[in-house]
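Visitor: Residue numbering for the sequence shown follows this note's numbering, starting at 769 and increasing by one per position.
Quick caveat, the hints were computed from the structure, so don't treat them as lab data.
Keep in mind that this is a model prediction, so the values were computed, not measured.
Label-pair distances were calculated between CB atoms; the ranges are:
{"#": "1", "residue 1": "I967", "residue 2": "Q852", "range": "21 to 31 Å"}
{"#": "2", "residue 1": "D868", "residue 2": "L790", "range": "56 to 66 Å"}
{"#": "3", "residue 1": "V857", "residue 2": "L958", "range": "29 to 39 Å"}
{"#": "4", "residue 1": "R910", "residue 2": "V970", "range": "12 to 22 Å"}
{"#": "5", "residue 1": "G783", "residue 2": "V954", "range": "43 to 53 Å"}
{"#": "6", "residue 1": "G783", "residue 2": "L958", "range": "43 to 53 Å"}
{"#": "7", "residue 1": "D868", "residue 2": "L958", "range": "49 to 59 Å"}
{"#": "8", "residue 1": "Q852", "residue 2": "R873", "range": "38 to 48 Å"}
{"#": "9", "residue 1": "L912", "residue 2": "A887", "range": "49 to 59 Å"}
Just so it is clear, CB atoms sit at the ideal spot from N, CA and C, and this is done for glycine as well.
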Amino acid sequence: MSSFTRAARGGDGSGRSLAFALAVLAVLAASASLAQSPFALTNLGADVRSSDARIDGRGGWGLAESDTLIPSFHSLAGLPGLRQMVIVVSGYAEKVRSEDGAASRNTNRVRTPTLRAAAPFAEGRLVLSAGFQGLRGTQYDRQLDTVFLLPDPADPLGAHVPYAAREFFVREGTQFQVPLGLSWRVAPRLSLGASLNLIGGVMRERVNVIFDEPVTTDGTHYFLTSSEVLEDEL
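Given the sequences, and given the hints that come with them, work out the whole structure.
Guide: In structure tokens form, the structure reads like this:
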């Protein structure tokens, strides 16, 4: 009567798993080198605003690095080399608490999503880019009860008397920018980029003071416009 013992296959299985994992990594690396990656995390935790002279259309020069896996719009001269159209959508929000010895304030900011797109032409040597970003888009008002010392209508040359009033602060309007870019690879080691940054929209701030008394003969309240600012650029 003969007997036998099965050999353990744990080592053989682990070896096959390792070989399979290496093969998968090799395929992924090869595919990434042939085309753009559809997945990328850029500007994580940062506000995606250009802050770059070449993108803002204010001139400037410098070195540019071409990265076809994760295209960056912070240097337009680095965009040549794209193999397919790329679209980047990014949002940003933050909460800031300011505090001093007298008061504290909480500020919440949520920006509209930033959109950037680039399309390659001439086998990637020419790239056209465009985008859209809402810079400011707020509308709110604040009311504060206050007291002003003004001349007495019955005795204009006499001492000032207190008048109760309400101070209104109004902020409204929207501003946005549309960056347009052109990138061209002149030589294998020389690329040029030009941009035009269009900014539109109007932002208005107004401070009004409305007095509860005295009242005019037609029954309306006196009011005072202490300031009004109309801003059409950054």
